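A.B. asks: The residues making up each chain are set out below.
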Amino acid sequence: MNQPASAYFLEERHDPNETHTLSVLVQNEPGVLARVIGLFSGRGYNIESLTVSETESQKHLSRITIVTTGTPMVIQQIKHQLDRMIPVYRVVDMTLTGSSIERELAMVKVRGGGDHRVEALRLADAFRARVIDATTESFVFEITGNSSKINQFIDLMRPLGLVEVSRTGVAAITRGPEGM
Amino acid sequence: MTDKSHDPNQMTGAAMIVRALIDHGVQHVFGYPGGAVLPIYDEIFQQSEVEHILVRHEQGAGHAAEGYARSTGKPGVVLVTSGPGATNMVTPLTDALMDSIPLVCITGQVPTHLIGNDAFQECDTVGITRPATKHNWLVRDVNDLARVLHEAFYVATTGRPGPVLVDVPKDVQFATGTYHPPRKSDVHISYTPRVKGDATQIRKAVALLANAKRPVIYSGGGVINSGPEASKLLRQLVEATGFPITSTLMGLGAYPASGPNWLGMLGMHGTYEANMTMHDCDVMLCVGARFDDRITGRVDAFSPGSKKIHIDIDPSSINKNIRVDVPIIGDAGNVLGDLLQVFKAEAKKPDIKAWWQQIAQWRARNSLSYRKNNDIILPQYAIQRLFELTRGKDTYITTEVGQHQMWAAQFFGFEEPHRWMTSGGLGTMGYGLPAAVGVQVAHPDSLVIDIAGDASVQMTIQEMSTAVQFELPIKIFILNNQYMGMVRQWQQLLHGNRLSHSYSEALPDFVKLAEAYGCVGLQATKPSDLDGAIKEMISIRRPVLFDCRVAALENCFPMIPSGKAHNEMLLPEEATDEATAKAFAGGKALV
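Line order of the protein sequences matches chains A and B. Per my numbering, the first sequence starts with residue 1, numbered consecutively. Per my numbering, the second sequence starts with residue 181, numbered consecutively.
No lab work stands behind these hints, which were simulated from the structure alone. No experiment lies behind these values; they were computed from the predicted model shown. Possibly wrong hints are sitting among the right ones.
Under the rule of at most 25 Å between Cα atoms (straight-line distance), these lysine to any residue pairs were calculated in the SDA-like manner [to be verified]: (1) K79(A) / Y334(B); (2) K376(B) / N146(A); (3) K79(A) / P311(B); (4) K79(A) / R310(B); (5) K79(A) / K762(B); (6) K79(A) / R374(B); (7) K376(B) / D83(A); (8) K762(B) / Q76(A); (9) K384(B) / Q76(A); (10) K744(B) / A7(A); (11) K59(A) / P707(B); (12) K79(A) / A379(B); (13) K59(A) / A379(B); (14) K79(A) / S370(B); (15) K376(B) / A7(A); (16) K79(A) / D321(B); (17) K79(A) / V367(B).
Isolated chain A (complex conformation) (with noise of 0.2 Å):
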C-alpha cells in the first residue's frame, strides 16, 4: 500500500455513514454546552442539528438533542465521549430505539401577492402551518413535524416568495410509557 513517508497510518477506514439522534441529559450548569459542543468540534464529529433547553429546572437537568452522522465506530466513540463527561448523566442514541418522536418547528417567512400569495396558504393549510404574522404583502408560518416534513415545506414556499427561515432544530422523544 503506497502512502507518503509518514509517521502515522494514513488510510482512513471508509465505512458508510449514518446519522443519529442523540439524546444527552446534563447537569444544567455553566458551560456544559461549551463542553458538549468542544467534544464535537475537537474531536471532528458532524453537527447537523443540535437543541438545547432546561427540562427538569429543580434538578437543574437540560436534555440536549444532537442529531450526528458519522460510521458506526465514531457514532459509538461519540456516545462513550460524551457519556465520560462529568456533567452527564446519560445518553440515549434515539436512533437506536427505533421508536422515537422527532418534531422540529421552523417560522418561515413569504413575501407576494395575487396567486402565490392565495397558493402560499393553500399549501400552508395543508401542511397544518400556522399563520402567526401577517402584512398585505407578507406572512409568517409556523410549522412543526420532523425534518423531512419542513424541508419539503420550505422548498415549495421558495418558489411563492420566500424570504426567511428560523429553524429551532431537532427535539426527541421515545414512545410509550418509559422515560430516559
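Starting from the known structure of chain A, arrange chain B on it as the hints suggest.
C.D. replies: Just chain B, lined up with the frame of chain A:
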C-alpha cells in the same frame, strides 16, 4: 445573625484550599507564585503540613507533579497563578490526560468582576484547559469552593485517572465562607465510574482463554494506574495460564522484565517476538491499554486472526481503533481478580507448547542486537551499562522523548510497577527532568535517574535549579548525540536524509552548566570510561548532569515502518540502506 467568628469552619477561600489539601493527605505541592495566588501562598507560609516545592517554570511544576503521581499512585498537586501561569500548565495537563495521570491543578484567576475584561494576567483558563483536563471548574462563590475541591480530588483519582483544574478568582480567595470536610455529596451524581467487570463477559473471556492455541497478554498503563495489586494479579494470571505477555511503553514493570513469559515491549520500536506474537495470535487479552497507533501499526492488518478481549475502565477506549470481541468495562485490578478466580475454578492451563516453540524462533532473531564498538559509546550500550550498574538498587527511571526513550524502554529492565515515568501519549520533550524532581521529592532516598537526550533536556533544564534548592540528588543521564535523534532518524528514513534543523549547533558544555547550577557535571566519551563514570554518578548524593557522548548517527531499531503491519518489522541486522529504502518506499524517494 449568629456569631460565626468562633466556627472553625469559617475561613477564607485561600485557607480552604490549604485545608482541603491537608484533608486529602497532600504532603507536597509543586508551584510558582504570582499575583492571583498570593493569598494562597500567604496561607502556605503560615503552616507546615504541606510542603511547597518551588519550580522555575510552571511546566516544570506540572511534570514534577506527574512524576510524583506516577511513582506513588497519589495525585500530584500543582499551584500556579493566572494567565501565563495557567497557559504554561497546558502541556503537562495534556500530557497527564493522555497518560491518565491524576493531577489536581489549582490556578489563581483575576477577581470575578474583572473576568472577561482582559485584565492583567487574565486568560480564559477553564476554556483553554477544557480539552486538556478530565474536568475543570471556575469557582465564583467561596461557599462552593470546598465542594469543588473535594470533587476535584475525587474525579482526578477515580475511574480513569486524569488531570483536573480548579480556577479560583482572587476575590474568592479573600472572601470568607464555610468549609466542610470531604463528603459523598460533593460529587456530581452523574459521575459513576464502573469498577467491577460484567460477570458474563468475564466468563466469555475465560472460555476464550481456556481454548486458546496461540494466546498473548497485552498489558498497558491501566494496570499500573490500578495500583500494585493489579500488577500482582497480572503476574498470577500469567503464571496460571502460562501465556506470553507483552506490554506497552506505559505498562512496563507490571510484569517483570526478568520473568520467563516476558516478550519485551510491543509496537513501533517493540521486539520482533512481541510484535509477531501479537500478529499471529488467536486470542489476545488486552488489559488497560488502548490500541494506540504506535502499538497497532497498520490497523487493517493488526492481529488479523485473533479474538480480542479488552479490559478497560474507560468505555470510550473500547472499539475506538480496533474492534474487539469481548469488551469488559472495569478497573484492571478488579477485573483481573475476577478473571483469575473464574479461570482457576473452571479452566486449566491450555497446552501451548507449539506456540512457545514458535515464539522461541522469533526470539532467536535477537531483534535488539547491535554491533559492538570499542571506540565510541553506543547509546544502547550506555543504557545496558546503566541498567547493570543500578541493578538491585532502589531505582526510579524517568525519560524525555525520542530515541533515548525507546532505547531506555528496550534495554532497561523493569521489575516493579511505578518505577518508570515517561511521556507516552503526548510525547513531551522536557518531561523527564522535572518528573525526576517530582519522583525524588516523593522518594528522597531512592536513586532517581532521568535518561535524557541532549535536545529534550534543554527544554526544561532550568529545573536543575529546583533540584539544587531542595537538595534533590537527581541524576540526569544525557545520551548526547548532538542531534534530535528521532527526528534525524525519520528524516533519514523518510525524507531523503535531508537533516532539516535536527542538528543542535552550539550545545552547552553540560559539565560547566552543571557547575553553574551548583550541581555536579560528569562526562564519558569512551566505552572504557563509562562504567567508572556511572559508578561515580551513583555514589554522588547531589544532583548530577552526566554528559554521555554517544554515536551521533545511531538509529533505533527494530522498527515497524509507517503504514506497515506487525509482521513487516525492520530488524537491525537487515537495516541496510537498501532494505531500509525499500521498507520505507512510498511517496518519497530515499537517498
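A.B. asks: None of the hints should be skipped; say for each whether it holds.
C.D. replies: Verification of the supplied hints:
1. K79(A) / Y334(B): Judged against 25 Å, a Cα distance of about 23 Å means the pair holds.
2. K376(B) / N146(A): violated (41 Å)
3. K79(A) / P311(B): Measuring from Cα to Cα gives roughly 17 Å; hence the hint holds.
4. K79(A) / R310(B): Holds - the C-alpha atoms of R310(B) and K79(A) are around 19 Å apart, at most 25 Å.
5. K79(A) / K762(B): Violated, at about 42 Å.
6. K79(A) / R374(B): holds (16 Å)
7. K376(B) / D83(A): holds (18 Å)
8. K762(B) / Q76(A): Given pair K762(B), Q76(A) is violated - Cα atoms ~38 Å apart, limit 25 Å.
9. K384(B) / Q76(A): holds (22 Å)
10. K744(B) / A7(A): holds (11 Å)
11. K59(A) / P707(B): Given pair K59(A), P707(B) is violated - Cα atoms ~70 Å apart, limit 25 Å.
12. K79(A) / A379(B): With Cα atoms ~23 Å apart, K79(A) and A379(B) stay inside 25 Å; holds.
13. K59(A) / A379(B): Distance of about 34 Å is beyond 25 Å: violated.
14. K79(A) / S370(B): holds (15 Å)
15. K376(B) / A7(A): violated (37 Å)
16. K79(A) / D321(B): Violated, at roughly 33 Å.
17. K79(A) / V367(B): Satisfied, since the Cα-Cα distance of roughly 22 Å is no more than 25 Å.
Checked against the numbered hints given earlier, this structure breaks hints 2, 5, 8, 11, 13, 15 and 16; the rest are met.
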